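The task is simple: from the sequences and hints, build the whole structure.
Protein chains in written order, with the working numbering: chain A, 1 to 503; chain B, 1 to 326.
These are computed hints drawn from the structure, not numbers from a lab.
Warning: the hint list may mix true and false statements.
Stated by the list, open to error - Below, a sample of chain B positions facing chain A; criterion: calculated Cβ distance under 8 Å: (1) R189; (2) T190; (3) R194; (4) Y197; (5) Q208; (6) G210; (7) V211; (8) E269.
Remember, it's a predicted structure, so these values are computed and weren't measured experimentally.
Idealized CB from N, CA, C, for every residue including glycine.
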Amino acid sequence: MSISAPPLLEMRGISKGFPGVAALSEVDFSVRAGEIHALIGQNGAGKSTLMKVLAGVYQPDKGEICVDGQTLRFASPRAALANGIGIVYQDLSLVPKLSVADNIFLGREIGGGIFVDQQAINARAEHILGDLGVSGIDVRHRVMELPLAQQQLVEIAKVLSHEPRILVMDEPTAALAEEETMLLMRLLQGLRARGIAIVYISHRFKEIMALCNRATILRNGQLVKTITIAETNESELIELTIGERVESFFRHNGRAARAGVPALEVEHLRVGRAVRDVSFVLGQGEILGITGLLGAGQNELARALFGLTVETSGTIKRLGKPIMLHSPKEAIAQGIGLLTEQRKTEGLVMPLAVRANLSLPSLNTFRRALLFLDRRHEGERTSAMSAQVRVKTPSLEATVGTLSGGNQQKVILGKWLLRDLEILIFISPTQGIDVGAKAEIYAQLSELAQAGKSIIVISEDLLEILGISDRMLVMYQGQLLRTFDRSDADEEHLLAAIQGTSL
Amino acid sequence: MTAGALTPTRTGRWRDWLASYGLVGALVVLILLFSALNPRFLTLANLTTLLEQNAALFIIATGATFAILSQNIDLSPASVLALAGVLLGLTFQATGNLPLAILAGFAGAILVELINALLIVRGGINPLIVTLACWIWARGLAVSLTGANSISVRDPLLDALRRPLFLEISPAILLSFAVFAIGGFILARTRLGRYTYAMGSDERAAVQAGVPVGKYKFLMFALFGVLVTLAMLVTVSRLGAAAPDAAYGLELDAIVAVIIGGNSFLGGEGNMRRTLVGALFIAVLNNGLGNLGIMDAQIAVYKAAAILLALLFGTLSTRLAKGGRA
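Listed below in structure tokens is the structure:
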């Protein structure tokens, strides 16, 4: 890439308002051919709006878009795609019940006239995936049968099959594990070498540092700065994004587990073939981080502790007494709650209001005579809880589905806190959440531990694990490989441990 | 005839097989039961009568498969059938010209289905409500146009539809199976079929992929209009008349045939083979119960019970196929 090259894409003075808000004001943004350009900002900073203007989903109120020196206006996403602008959206736009190949060619099937040539479609799809270096995906499988990471790769393949000159990736790695992220990054580097201009939206600063040439930071719909990655560092990027110093990000307060009976003792736990002979202790008021590569067994472990897996053996003691955990109901009765990364399917009832979601597990406590609900009591408790976990919502009656990921996560947390649970297990608590909301969730975890709750955090984000945990467990191939104390853990050692080696 | 969209995985194939053929077992049981109760059930004469009686059901069930797989359930076909029949009857009465009368019926059916599509696509109204309204008004129009009287329609051409060609098999029966085959082909091998699955699975994603969803909905409803016309011809031929109360309840039989055969009521998943098995099940049930000499009201109860049993059987066998607790 030559620094002096004229930009392939130039967006000048873009403004876009929605009733009541100025989503974008006077934003300049440009990307050169053969460049990966990060677009950074908290949720609501205007990244998605800017990209939707580019894609022709929104028409800008002011400003112009130039591609290769020509001013263009896109009336629709199809028009943008036809002009070489391809967007990989964060929420996948695949049709779940169609096959991989059919999805890649949906809307432009191969075949003469009204017919569809299935063999040709399958062959072309295989070719496209092969070109991307993706193996192990059967193009005849239905998309819904694939893990999320593979679905993401299919989505990317679909967009790339249009051969765009400008490629926008909206948080492509949010759902990907280490290995797939590496694959994706190699793929993007290859595309960059071919002269494609890439816009990379991500909350993961490490990836941005490793991958991108420049970064543009937005805050509150305004351009903060465009900087060259080689001339900056991670902390500066974070500070520019949140507009605050980075020290406030992780708050630990030098807390330690309380003396006395452990909240949970796990002895020789086995879960099918996923978890083999794992023993550990969770102290009261402690945050225990558990990490490992994808599939190392940490998720299965968490699910077993919530009674979601039946094929378990071993002993689990709660406050010194052995307990059985055969169903979530039993786990909840023991004061154990699970908060997963699958907010849509496992955590919240999306079409219901914040209030209803908060009170759902504890409706019994709001019961008045027979079957009637004490709406006033419910309102008071849920509104207090919503304030405690700092949910940003227009009202308690707002539909949960309309909130941002970070706020949804807070609602799930509030829901379990209302239930007075003592042990909270989090799987990837900040996955897909912007850096501002992350900081808030970290602060809350810390406060909860301070207040005596015992917390397990399962995460593949090492910085997160390092930042918030009192102790860290590393799992490798279903076994507990190492335990770190906060004082003797650092990123290098943790990184080595999750790969099964030690430094 | 397998759609690429449905190419199953290993376990998927076993499940697909059960979904398609689990009902075949129930069908065999049903046939054995009726043969035991009625010695004349398993005769060639009765079997061809059975197919003849239900030819219209088979044709409408083919259309209902598209409707349900694409999440555009259509409650109106039986009412539209009656209205198209009445239009044919009235035109025939006035002119004595059968081709012209058929054209009138055909035009009526297509027009009504396009109005449905227009209300759904442009009006943004839920298909269930649009076609429910049509179920009401099309039937109402058919009855009021005729003063609730049937119109006799006798013509050699229409009679020929039900005159046996060989083995007592009439063109009407052949037509109904041809419709199944062509419908299956369209579903598996054409864009319309592919988009039927796509719309039913995730319409928003289909739109985002650039599928002209609106256009294909119009096309699908137009196809339904063609099928309704064919079913209407078979019905008029069988009755020798255009009756405003013809095919009453046929739309429900068709929907049940689609679902009982193992197609997903949530759309996006299924195929025509499943509908064929489901439709045969309903046909055997209609004919078998009809020949037992019991009251219509009792027939309804037995029929509903058999349908529920078959569905239960289906869910149980699927659960077994998945291997235990599901």
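Hints, one by one, checked against the model:
Hint status for B:R189: holds, given a least beta-carbon distance of 6 Å to chain A, under 8 Å. Interface hint at B:T190: satisfied, since its Cβ lies 5 Å from the closest Cβ of chain A, which is below the 8 Å cut-off. Annotation: interface hint on B:R194 holds; nearest CB of chain A at approximately 5 Å, less than 8 Å. With a cut of 8 Å, the hint placing B:Y197 at the interface with chain A holds, because the nearest CB-to-CB distance is about 6 Å.
Interface restraint check for B:Q208: the shortest CB-CB distance to chain A comes to about 4 Å, inside 8 Å, so the restraint holds. Because the beta carbon of B:G210 sits about 4 Å from the nearest beta carbon in chain A, less than 8 Å, this interface hint is met. Hint on B:V211 holds. Least Cβ distance to chain A is approximately 5 Å, under the 8 Å limit. Evaluation of the B:E269 hint against chain A yields a held restraint, the C-beta minimum of about 5 Å falling below 8 Å.
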